[in-house]
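K.L.:
Sequences are here, hints too, so could you generate the full structure?
There are 4 protein chains.
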Amino acid sequence: MSLPDGFAFAHELRVRWSETDPQGIVFNANYLLYADVGFTEYLRALGYPYPMPTKDAGTELFAVRSEVDFRGSARFDEVIAVAVRTARIGRSSFTMEFEVRRDDALLTAIRSTYVNAAPDGGGARPLPVDFVTRIEAFEAVAPVRG
Amino acid sequence: MSLPDGFAFAHELRVRWSETDPQGIVFNANYLLYADVGFTEYLRALGYPYPMPTKDAGTELFAVRSEVDFRGSARFDEVIAVAVRTARIGRSSFTMEFEVRRDDALLTAIRSTYVNAAPDGGGARPLPVDFVTRIEAFEAVAPVRG
Amino acid sequence: MSLPDGFAFAHELRVRWSETDPQGIVFNANYLLYADVGFTEYLRALGYPYPMPTKDAGTELFAVRSEVDFRGSARFDEVIAVAVRTARIGRSSFTMEFEVRRDDALLTAIRSTYVNAAPDGGGARPLPVDFVTRIEAFEAVAPVRG
Amino acid sequence: MSLPDGFAFAHELRVRWSETDPQGIVFNANYLLYADVGFTEYLRALGYPYPMPTKDAGTELFAVRSEVDFRGSARFDEVIAVAVRTARIGRSSFTMEFEVRRDDALLTAIRSTYVNAAPDGGGARPLPVDFVTRIEAFEAVAPVRG
Numbered sequence: 007m008s009l010p011d012g013f014a015f016a017h018e019l020r021v022r023w024s025e026t027d028p029q030g031i032v033f034n035a036n037y038l039l040y041a042d043v044g045f046t047e048y049l050r051a052l053g054y055p056y057p058m059p060t061k062d063a064g065t066e067l068f069a070v071r072s073e074v075d076f077r078g079s080a081r082f083d084e085v086i087a088v089a090v091r092t093a094r095i096g097r098s099s100f101t102m103e104f105e106v107r108r109d110d111a112l113l114t115a116i117r118s119t120y121v122n123a124a125p126d127g128g129g130a131r132p133l134p135v136d137f138v139t140r141i142e143a144f145e146a147v148a149p150v151r152g
Numbered sequence: 007m008s009l010p011d012g013f014a015f016a017h018e019l020r021v022r023w024s025e026t027d028p029q030g031i032v033f034n035a036n037y038l039l040y041a042d043v044g045f046t047e048y049l050r051a052l053g054y055p056y057p058m059p060t061k062d063a064g065t066e067l068f069a070v071r072s073e074v075d076f077r078g079s080a081r082f083d084e085v086i087a088v089a090v091r092t093a094r095i096g097r098s099s100f101t102m103e104f105e106v107r108r109d110d111a112l113l114t115a116i117r118s119t120y121v122n123a124a125p126d127g128g129g130a131r132p133l134p135v136d137f138v139t140r141i142e143a144f145e146a147v148a149p150v151r152g
Numbered sequence: 007m008s009l010p011d012g013f014a015f016a017h018e019l020r021v022r023w024s025e026t027d028p029q030g031i032v033f034n035a036n037y038l039l040y041a042d043v044g045f046t047e048y049l050r051a052l053g054y055p056y057p058m059p060t061k062d063a064g065t066e067l068f069a070v071r072s073e074v075d076f077r078g079s080a081r082f083d084e085v086i087a088v089a090v091r092t093a094r095i096g097r098s099s100f101t102m103e104f105e106v107r108r109d110d111a112l113l114t115a116i117r118s119t120y121v122n123a124a125p126d127g128g129g130a131r132p133l134p135v136d137f138v139t140r141i142e143a144f145e146a147v148a149p150v151r152g
Numbered sequence: 007m008s009l010p011d012g013f014a015f016a017h018e019l020r021v022r023w024s025e026t027d028p029q030g031i032v033f034n035a036n037y038l039l040y041a042d043v044g045f046t047e048y049l050r051a052l053g054y055p056y057p058m059p060t061k062d063a064g065t066e067l068f069a070v071r072s073e074v075d076f077r078g079s080a081r082f083d084e085v086i087a088v089a090v091r092t093a094r095i096g097r098s099s100f101t102m103e104f105e106v107r108r109d110d111a112l113l114t115a116i117r118s119t120y121v122n123a124a125p126d127g128g129g130a131r132p133l134p135v136d137f138v139t140r141i142e143a144f145e146a147v148a149p150v151r152g
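Protein chains in written order, with this note's numbering: chain A, 7 to 152; chain B, 7 to 152; chain C, 7 to 152; chain D, 7 to 152.
Because the hints were derived from the structure by calculation, they are not lab data.
Bear in mind that the values here come from a model prediction, so they are computed numbers and not experimental data.
Intra- or inter-copy, both count: the list cannot distinguish identical chains.
Restricting the straight-line Cα-Cα distance to at most 25 Å, the calculated cross-link-like pairs of lysine to any residue (SDA-like) are:
id	residue 1	residue 2
1	61	22
2	61	140
3	61	126
4	61	125
5	61	81
6	61	51
7	61	99
8	61	82
9	61	83
10	61	144
11	61	43
P.N.:
Here is the structure:
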């Protein structure tokens, strides 16, 4: 699997029957599901299997905004790739970019911002230093694509 | 909404686009989802809104077996009814019957057994007396149907 | 159910167990599902039960962009409302706004653009005149809220 | 991945966040979803990628009955295997057995019967000879497990 320009990570998956609709294409909400799966695998590639990178700090990551551009449609049984990268890291939040692709065709582009916060509405908390360090290292070592 | 013979309770719902597949019909696993929604509403009719009837006892209800007969198919935007009744009550388990219907047509019949158990594998526990009493009263007062 | 300012339509639904995650809250992709349900009901209120308003024209509506702001979380068994309005009507596309609310609390705000297009990538087509007329009439007669 | 006794095929998958519920375990209807994924991969192993083995005959496969025994629970991020075998082949129907396992632990056992039928209620049709031949060959060559 080749990686899109600017991405150091992608996760492949195969479209399931239950994810498609009577138009024969993936139901639009499921692209956010694919992004969520991609995010989990990206964290694993960073060395954070479940539970999540913020667990020691007693905080949780919450999605606060997603922008989704639907440009094409995946169909049942197609193998697609979810490319993932960190586009921005702030003090208590960060922004991820996802591209769902079938071969060279960009199907959906998603940009999601997550905030690190205390559970139950306790407010934003600084991102763990280790988390920031790992992302910076990971994104810097993006391999030559091909 | 009329009730099928032998049922004192039914819950109506409308089939969602995301629940149907490229054949244009409800994906088969979603009938178990509909039964779960019907079970929640049946418990509410018994006077048990969430949290569940076993909460005071510190136990949880787990599905241990389901038998599903698929006889017809619901399609997007159809209004269907999930009829629910208790078919058997034992010491620590009970069996529910569900019929998913569109008007007079039986689409799916489900028979599910639940056991009351301590969380985390602690084994079966007797059903709360209050739970058994309410079910017996509810099923006995089934109104004349029509 | 009161309507948020500027909205003439809302649809109530109850959060299902299957829609919530181990954090005890609705999985984020399901807010797009709720918006889709709300859009279907909005079209019905306009007088367009399924099949859709573009059927006579042989075209289909495709979501091309969604912006989602997550501000709060719904939990299992809560009754929530999906308020729906048309924010913009263009020649071949239109933009809908959705607010998912629990009582007065705004949980998620969604802004989605749909384009009317020939199936299988045949390109954008003008919105049917009848569709535009109905939306304009519907949005103009928004009742006094309360 | 080792195969359970009597099974010549299994497909691995990882539990997604969206498939788990507030108890932290896979929602019960999703085991039927996993069986569906396993069935698709079993057909692929038989040499039938989508579209399905009955396509030339103009018929479709419909699930008519499923029996599900829930014996254990999978949790988020666990890798599980769906073992699949054909338990019975009749003239127009056949029965599949599925075991969802985490390592040696059997989590769910499913037995599902499918019938080959004309679309839109036209009645049962004989299974294609090629389909029967491939299943018999596939099940006979089950490799030594380990």
